[in-house]
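Chain by chain, the residues run as shown.
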Amino acid sequence: MTLFAQLVIGGLSLGSVYALLALGFVVIYKSSGVVNFAHPALLMIGAYVIARLSAGALPFAVALLAGVVAAGVAALVAERLLVRRMSGRSVIAVTIATLGVDVIVETEIVRRIGIDAYVPTHDPWGDRLVHLGAVVVPQSRIAALLVCAGFIAGFLLWQRRSRWGVAMRAVAEDAPTAGLMGVRRGTVSALAWTLAGVLAAVAGLFIIAFPSPGLQPMTASVALRAFPAAIIGGLDSVAGAIVGGAVVGLAEVLAQGYASNLTFLGTGFAGVLPYLVMVLVLLVRPSGLFGVRELHRV
Amino acid sequence: MTADHPAADVPAPDAKRRRPRAAATARLALLGLGLAVPFLADAFWLQIGLFAMAAAVAALGMTLLLGQAGQLSLGHSFFVAVGAYGYTFLAAPGDRLAGGLGLPPVVAAVLAVVLAGAAGVLFSPIAARLRGVYLGIATLGLVFLGQHVLANAPRLTGGDNGRSVPAFAVGGLSFGSDPGGPQYLLNVLWGREQKLWYLFLVVTVAAYGYLRSLIRARPGRAWRAIRDRELMAGIIGVPVTRYKAYAFLLSSMYAGLGGVLFAIAFRRIVPETFGVSLSIEYLAMVVIGGLGVAGGAVAGATFVAGLPSVLERYAGVLPGLSSSAGAPGVSPAVAARFTYGAAVVVLLLFEPAGLAGLARRLRRRPRARRPGP
Amino acid sequence: MTALDVRDVSAHFAGVVALDGVSFSVSPGSIHALIGPNGAGKSTLFNVVSGVYRPRSGSVLFRDVDLTRLASYRIAALGVARTFQNIALIPTETVEENLMLGRHHLTRSGFSPAALRLPNARRQAARHRARVRDVADFVGLGGKLTASAGALSYGDQKRVEIARALCVEPRLLLLDEPAAGMNSRETAVTAALIRAIRDGLGIPVLLVEHDMGLVMGIADRVTVLDFGRLIADGTPAQIQSDPAVQQAYLGTEGEDAA
Numbered sequence: 001m002t003l004f005a006q007l008v009i010g011g012l013s014l015g016s017v018y019a020l021l022a023l024g025f026v027v028i029y030k031s032s033g034v035v036n037f038a039h040p041a042l043l044m045i046g047a048y049v050i051a052r053l054s055a056g057a058l059p060f061a062v063a064l065l066a067g068v069v070a071a072g073v074a075a076l077v078a079e080r081l082l083v084r085r086m087s088g089r090s091v092i093a094v095t096i097a098t099l100g101v102d103v104i105v106e107t108e109i110v111r112r113i114g115i116d117a118y119v120p121t122h123d124p125w126g127d128r129l130v131h132l133g134a135v136v137v138p139q140s141r142i143a144a145l146l147v148c149a150g151f152i153a154g155f156l157l158w159q160r161r162s163r164w165g166v167a168m169r170a171v172a173e174d175a176p177t178a179g180l181m182g183v184r185r186g187t188v189s190a191l192a193w194t195l196a197g198v199l200a201a202v203a204g205l206f207i208i209a210f211p212s213p214g215l216q217p218m219t220a221s222v223a224l225r226a227f228p229a230a231i232i233g234g235l236d237s238v239a240g241a242i243v244g245g246a247v248v249g250l251a252e253v254l255a256q257g258y259a260s261n262l263t264f265l266g267t268g269f270a271g272v273l274p275y276l277v278m279v280l281v282l283l284v285r286p287s288g289l290f291g292v293r294e295l296h297r298v
Numbered sequence: 001m002t003a004d005h006p007a008a009d010v011p012a013p014d015a016k017r018r019r020p021r022a023a024a025t026a027r028l029a030l031l032g033l034g035l036a037v038p039f040l041a042d043a044f045w046l047q048i049g050l051f052a053m054a055a056a057v058a059a060l061g062m063t064l065l066l067g068q069a070g071q072l073s074l075g076h077s078f079f080v081a082v083g084a085y086g087y088t089f090l091a092a093p094g095d096r097l098a099g100g101l102g103l104p105p106v107v108a109a110v111l112a113v114v115l116a117g118a119a120g121v122l123f124s125p126i127a128a129r130l131r132g133v134y135l136g137i138a139t140l141g142l143v144f145l146g147q148h149v150l151a152n153a154p155r156l157t158g159g160d161n162g163r164s165v166p167a168f169a170v171g172g173l174s175f176g177s178d179p180g181g182p183q184y185l186l187n188v189l190w191g192r193e194q195k196l197w198y199l200f201l202v203v204t205v206a207a208y209g210y211l212r213s214l215i216r217a218r219p220g221r222a223w224r225a226i227r228d229r230e231l232m233a234g235i236i237g238v239p240v241t242r243y244k245a246y247a248f249l250l251s252s253m254y255a256g257l258g259g260v261l262f263a264i265a266f267r268r269i270v271p272e273t274f275g276v277s278l279s280i281e282y283l284a285m286v287v288i289g290g291l292g293v294a295g296g297a298v299a300g301a302t303f304v305a306g307l308p309s310v311l312e313r314y315a316g317v318l319p320g321l322s323s324s325a326g327a328p329g330v331s332p333a334v335a336a337r338f339t340y341g342a343a344v345v346v347l348l349l350f351e352p353a354g355l356a357g358l359a360r361r362l363r364r365r366p367r368a369r370r371p372g373p
Numbered sequence: 001m002t003a004l005d006v007r008d009v010s011a012h013f014a015g016v017v018a019l020d021g022v023s024f025s026v027s028p029g030s031i032h033a034l035i036g037p038n039g040a041g042k043s044t045l046f047n048v049v050s051g052v053y054r055p056r057s058g059s060v061l062f063r064d065v066d067l068t069r070l071a072s073y074r075i076a077a078l079g080v081a082r083t084f085q086n087i088a089l090i091p092t093e094t095v096e097e098n099l100m101l102g103r104h105h106l107t108r109s110g111f112s113p114a115a116l117r118l119p120n121a122r123r124q125a126a127r128h129r130a131r132v133r134d135v136a137d138f139v140g141l142g143g144k145l146t147a148s149a150g151a152l153s154y155g156d157q158k159r160v161e162i163a164r165a166l167c168v169e170p171r172l173l174l175l176d177e178p179a180a181g182m183n184s185r186e187t188a189v190t191a192a193l194i195r196a197i198r199d200g201l202g203i204p205v206l207l208v209e210h211d212m213g214l215v216m217g218i219a220d221r222v223t224v225l226d227f228g229r230l231i232a233d234g235t236p237a238q239i240q241s242d243p244a245v246q247q248a249y250l251g252t253e254g255e256d257a258a
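Chains as they are written, first to last, in my numbering: chain S, 1 to 298; chain B, 1 to 373; chain A, 1 to 258.
Calculated from the structure, these hints are not laboratory results.
For each residue, glycine too, the CB sits at the ideal point set by N, CA and C.
Wrong hints could be hidden among the right ones.
Facing chain B, according to a computed beta carbon distance under 10 Å, are these residues of chain A, among others [unchecked claim]:
#, residue
1, P28
2, R63
3, L106
Partial chain A-side listing against chain B, Cβ under 7 Å, derived [claimed, not checked]:
#, residue
4, N86
5, I87
6, A88
7, I90
8, G110
9, A114
Chain S with its partners taken away, still in its complex shape (with noise of 0.2 Å):
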């Protein structure tokens, strides 16, 4: 039973900063209609900067800043330069493009991890571990999921009741009649992409924490699976990026932890499953559990 548990919590935390990737994922489609598949590479940059200055003599809270700002000005570099230009063009352009821009930061910073395949990061949890009762789990995890449910909360609540945040629903929710209203769709874009450049250096920051703590190549694999937590909500839906993120870390972590009693579908299992649970969702709901069939007019 407290295997159990401590897998649920550790399932949730890895869950949460899935969610918070996904939620980046999924802002940007709304609010831009752009499959974002450079989405690893603002990981790898927020985590990278992370790493980096960590071990140096700055305080972690710098390194942290200094990622996140990193990510996000990557981000919007991205949309200025790339999805601008490309507005009008069909979706799987975009996305394509967007590859592109992947492979050439994720080849950079690859080479930059360099023969060691391995940054060491000095995060302020480090192995602690906490004690609930029976349960045991890290810090880390502990960490992972408040600070990235605080900014799942952080967002839907900005979303509600700031200015831009409403204008970014109306942008999603009907693109020209917002541009009708006055809403800049150019700064909404804009602002949608520095924030899941945020948000993905934040979840970066959790990611190269635990369970081996170090920012190596095989990150950027971790960070893929937002996209099936995307998907598995529905590419349109915020709700869904959360649901999905929770489900495919849950799912991740119960295989990884029963992974003993499970030999006969291979090691390493738990790396398929996102994708597994996804084809199954997707044969029964193709558009996601929350998102919308696109009705055709003919």
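Based on the hints, put chains B and A in the right spot on chain S.
Just chains B and A, lined up with the frame of chain S:
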């Protein structure tokens, strides 16, 4: 964002062939050059050519699936893996390191391609239900599934160190290295690379010709209708689901064949080759070459597959490239990645029809200016 | 014997009743118009007949087959062809290639014969191309076969739509607003073409139209929909004097002029 597919930016094949003589002559000239290469170039270049042709065959399948039928697939490397491992396993004699069935290489090759096709058909019902990016990410799952299977099947893969690939042979004619010392033909070394060159050339030209004919005939028309106006296509009489299945069947067979060629050319295969990166490379090949254009797939494949080796050869003279590990500069493999990633972005921004589009523009230059889009 | 038998068709979308028990039939060799205010359900009915939507209830009988049970491509194979309100051509391809798409279901040759350019496949293709040329001439596009479909004028594109539908060798033609966006001269040309299809080719036509002049001029029979319900069905003269129709379009006396 429009719903139009980027391949729709690429003008369809001219039904009325403008200057058909010129185009046919160019193609014949290329073929002649291809036939002459083993007498002109050394084994290093021939080996690059083998890789390029293996990549070209797989890329032809990719351009069919994405460029003609409009289905975004990131799972191409999965089907390439089926071809490569299928051939290797079926043709290898099997020992304590890795299993094998010891079939004749021709049989193994054909079966491997059939296997890849079967995998494509099995996946197509899932694919038919999905659109756009949803399909793309589902196919991504295929790659991870493939990697997972390979990681857990040491009898198939020979473990982390990979396994060697049986040499190809037809009847008594072997395409491997000659054990009895070098042979000569017309004063030129006649070895493994030279023999394989002609084999690969025949396969590549046949694959290219087959696809090109399909594109110009009824299937191509049906696929493009599905790509650009799926609903209308069904209403006008195209069985959409069936044709999507055809697209997956054919493209996965092309991928499987490319995998067989790759295995034969490389002589050794490791599981990590067939991951997401390879799928992205195929995507880059067909975008760079020009989506939906058979010649574009070959050109793009040659570029992306050949670049790393070429850069490595000239690393000493090219600025910024490091000629060995630890030397300053960027490694050739990394430089190649930067190049094709940037090429994809730049082309999509400025010439979405890729190299094929550029070629078309150059051909149109002497005529009156066309109204721009 | 009817060309098309719509029986009690009802369709719902997201809680909205788009069609409510609509029944009418199209007589062989006739031009039958479907009219009604915007949102009346005309396009929905077309989409039900073409197999795009499955109705909640009811059936559509064509040559003794219920179309509502069939996939779109089978409906085309049976001989129902249609044009589209928003032009659905492939703009980057030539007119001829667009028309050849209509021949898809009539071609039997498989992949490999086509790819290997076997003589039988080539003969079939040549025959189809000849037929496509005939249809193009009939419709008035004879000289434009090699033009890029996207480069044509709007009126010509509309004609390609009609030609492509004719290339399907239909036994029933559905025209979705064939005169939309046309001036009076172009409309007259379209009207003449539709009459020629009925008289010269003997193909019954069901058309959705807003242009009353065109409808009253060429239709043999008119069916009026409003809010998904059939409110009138008769000859053009009968429809024009029908008070229910007038109310639907213009409102009754005493209502504010909207």
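Hint-by-hint comparison with the structure:
Annotation: P28(A) was flagged as interfacial toward chain B, and the flag is violated, the nearest CB pair being 22 Å apart, outside 10 Å. Hint status for R63(A): violated, given a least beta-carbon distance of 16 Å to chain B, over 10 Å. For the restraint placing L106(A) at the interface with chain B, the shortest Cβ-Cβ distance is roughly 8 Å, inside the 10 Å limit, so the hint holds. Violation of the interface hint for N86(A) is found here, the shortest Cβ-Cβ separation to chain B being roughly 10 Å, above the 7 Å cut-off.
Below 7 Å, beta-carbon pairs count as interface contacts, and I87(A) has none with chain B, the closest being about 10 Å; its hint is therefore violated. Contact between A88(A) and chain B, as hinted, is supported at the beta carbon level, the nearest pair being about 4 Å apart and thus within 7 Å. With a least beta-carbon distance of about 5 Å to chain B, the hint placing I90(A) at the interface is held under the 7 Å criterion. Of the supplied interface hints, the one on G110(A) is violated, with its beta-carbon coming no nearer than about 9 Å to a beta-carbon of chain B, more than 7 Å.
Among the interface hints, the one on A114(A) holds; its C-beta lies about 4 Å from the nearest C-beta in chain B, closer than the 7 Å criterion.
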